[in-house]
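> The residues making up each chain are set out below.
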Amino acid sequence: MKKNSGKRKISEKISETIMSALAGIGVLAILFIFVFVFLRALPVFKESGIGLFISTGFERQVVTAYGSAEPLYSFGLLGLITGTLATTTLAIVTASLIGIGSAVVISEFAPRPLAYSLTSLVRLLASIPSVIFGLVGVIIVVPFISSLFVTTELQLQYLSRFQITGRGLLASVIVLTFMLVPTVTALSADAIAAVPKRFKEAGYAMGMTRFRVILKIILPTGRSGIIASVILAAGRGIGEAIALAMVCGGIGLVPDLSLGFVTLLAPVLPLSAAIMVNSEGAGSQSVSAALFACAAVLLLIGTVLSITARAVNSYMRKKIGDAA
Amino acid sequence: MNEEEKNPAIKIENVNIRYGDNRVLNDVSIDVPKNSIYAFIGPSGCGKTTMIRSINRMNDFVAGFKLTGRVLLNGTDIYTDKKPQVLRKKIGMVFQQPNPLPVSIMQNMILPLTEHYRGAISHFRELAEQKLKACALYGEVKDKLDKPAFELSGGQQQRLCIARALMLEPSVILFDEPCSALDPISTHTIEDLLIELKKERTIIIVTHNMEQARRVSDYTAFFYNGVIAEAGQTNKLFFTPETELLEKYITGKFS
Amino acid sequence: MKPKKIFALTLVMVFAFLLIPAMNLSASATTAATVKRTVNVDGFEIATDTVTDGSTVLVPLKFLEEAVGAITTYNPRSRSISIRTASFSFSMDIGQRSYTVNGQRRSMPVAPRLSGTVPYVPLVTVIRDIGGIFATNPSTKNMTVTYFSNISGNVVITGSTTLYPFMVEAADFLNEFNPNLNITVAGGGSGAGQTGTIDGTNNIGMSSSTVSADRQKQIRYIIPVAYDAIAIVIHPSNPVQNLTLAQAAAIFKGEITNWNEVGGNNAPIIVHSRDAVSGTGVTVRELLIRPFYGSDNDAIVETATPHVSNGLQRNAVASDVNAVGFLSIGYVDSTVKFVSLNDIAPTFDTVISGAYPLGRNLYLLSRSRPMGASARIIDFIRTNHAQQEFIAAAEFLTIRPIN
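Protein chains in written order, with the numbering used here: chain Z, 1 to 324; chain G, 1001 to 1255; chain U, 2001 to 2403.
Hints listed in this document are in silico derivations from the structure and should not be mistaken for laboratory results.
Watch out, some of these pointers could steer you wrong.
What the hints assert, rightly or not - Among chain Z residues calculated to face chain G with C-beta under 8 Å, some are: (1) Lys-9; (2) Phe-199; (3) Ala-205.
Stated by the list, open to error - Simulated coverage check for chain U against chain Z, where a stretch passes if three residues somewhere in it have a Cβ under 8 Å from a Cβ of chain Z: (4) 2299-2306; (5) 2311-2318.
As the list claims (entries may be wrong) - Simulated crosslink set (SDA-like; lysine to any residue; CA at most 25 Å straight-line): (6) Z:Lys-216 <-> G:Leu-1127; (7) Z:Lys-216 <-> G:Gln-1085; (8) U:Lys-2253 <-> Z:Tyr-158; (9) G:Lys-1147 <-> G:Tyr-1117; (10) U:Lys-2062 <-> U:Arg-2079; (11) G:Lys-1066 <-> G:Leu-1101; (12) G:Lys-1147 <-> Z:Ser-314; (13) G:Lys-1144 <-> Z:Lys-13.
For each residue, glycine too, the CB sits at the ideal point set by N, CA and C.
So here's chain Z without its partners, still in its complex pose (with noise of 0.2 Å):
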């Protein structure tokens, strides 16, 4: 009897061992990732300084770096910090919304065969390569936006500023959108199915309607589950290099409000279509270190939103303590 235990034991511990040495190979990796990267980076942040994230006019820097026999290392990624945060941040929240209200009609109002055959639907559309929605992009969404918001008045009136070509910010945030909303959907499914039945019976046994039940009860004890999905497409947004590089328009140009709606039309370069664009060039040591800084900012956007999705959710969480 003893002996069993003791080889029982001997096992454990190799079994335990092992997962924390790749659990440990996985954390690795990780901060070399990120060491990597901020070192090749490194020539761009000590020559830019703080101007890195505060001037723009990237695509000629780039240009410039390219063709000098000099290494150059000042760059100004404003425009593409501003196009990243811009795109995604609106493709998130009308993603949310499409892929949120999705989710309840799956779950809660089809009736289950056809759920069943919607969510594997969904999976499937989230799993789709995104170079297959920039295509989309180009052949449907660009020529959609023209014939639709693109005048010849338009074009002439900015003309000195940028080109108005369907391209745009009004572009990148459709195709992401899309792109997005399969991945919201699909796990907010998930989220608000498991959402226990006796949650959804106490409600509906004091009288609310399943309206309500969906606000009150499933929505927020999902809660967790949804802001994944939310966190997940934000990240695979800000990633997004291909599809945007396609539709985006190629100008790191930040978003001047002050046009009202032809701030959606006018170009912008988000962060990963930048690197996207200019890899060929990546055989030049500056331009090489200007695609790293890119990266480097796109780690450091990465990680702000994985801190603060935290941070709301266990602000969330804290809330149950409030008397209401």
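Once you've looked at the hints, dock chains G and U against the given chain Z.
Using the frame of chain Z, we list chains G and U on its own:
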């Protein structure tokens, strides 16, 4: 027949229930007198749970549910109304598994009020404390009213659900096997509570525990295979069962 | 004489006269019959007309160009032939077995001859002299040439990013078939390619720009391997047909902003271009903008919409009636239309002749006569096979028409 029996709080009249093509209840008629505890007993699958859930129209959510006959609350057919939500304010329900929401005790308590009424939160909290006292729970939770309800034990959670059900002052409360997930001591506490509560309202309880039915209820209906095999005053039913079925059930020959 | 005898004599004389044209009077001036055969060159079957003299097979000069990448010329008046590979220079004459290769006098088994007006030379001689292996299977008589699959050495190629994509593919291909060969290709730009060739940091340089007269003193071998032409494209419904170079430059500089300034409709000119690091974009700046605005001011207008590839830019121009853009000539299709520049349209002929202003050669460079593996690589790029697989596939113009 006494006064209460003449004007029953709930009158179930020739009710047939089917789910799709599946006949579940056949020609059921029950009069539930005011301020009484009426127990539905019977073996699994006999239809007692379906019956009780039809009284507050919780079965409306089930696909294919069809009820013919009438269920009257104080003389009005509850199935004529398009909106069952109003009905459920008048008829409360406590479920087999305690179902406090994943919020604080106090938030659980005042939710029924905030959903249906405008008023000062402090006023709602006062009412909540009253009901908690009525359910003999207040003393145990008064220092942790804003803590999560999940931190309570099973028995406490169920008493919380009962207290919550009281918040809307329903005239009828339905109990669907409320103690089957609880330990004997909590069960005992809740049984005492039921007897106390019936003074002001009518209680219908589904139970598979015959001792509980005998202890607690004034009237009992014995369901078997979708029909009422026997119904009447509890003492009479258990002491002198008229049907062989009931006698067998009582003596434990089947459950 | 008896009439019978006269008749017989006449017949003989007539036959004799008839035979004379059929005979090759000078030693090698035979109008030989050509036979179509295939030669296996490093695994690829290439069909060619041949002439056989005894056991020696002769091939037309064209075959040497297409299979081995040689540059050949024939002077019909002096009847002299020159064949040049990267490493070897042949000088031959029709009818003479004696020839020179790299100045050395040697002798061929049979003399070169004409078939019609086309000169044929002995294949075995050329192949063996340039360092290849020529073999004929004694039973099947099938001919094999081994020239690109027995290369060894380390070769470094650096320079223009325009050539880089196809050079790296060709290098990978050769590396695969030659286990003892290691070619590395790197970018860096035409400038870097030229300086690398001069100071010896590469074995072969790649350049998409011309080599200055000054540098030509130090880069003795400048070998064209492809043509690049940029077409200025607009929407098919745009009435503009032609632009002067100055107009085209001004458009891409953003100084001409309305089509009616160049004879078109009253509409804004929407400029499309390529991303910051594209070679095609660099070409446009070098060839179109720089001559008018100087090299410090050759950037395309800031507001131009950049695209990641030729294909995407073409799609953008094809879907906007007011668009203008530029494409590598191989990308022009029916969805867009090119404008002629200074009334010259971009065709194979105008590009090769230099008449089309936005055309240029893509060169491989060597400081001195290429030797060994470098020579083979340069020859390889010029073969039909490589031109088709790597040059045409990269949408550049090949150095000779390939069907």
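> Which of the listed hints are not met by the structure?
Hints 1, 11, 13 contradicted; others consistent.
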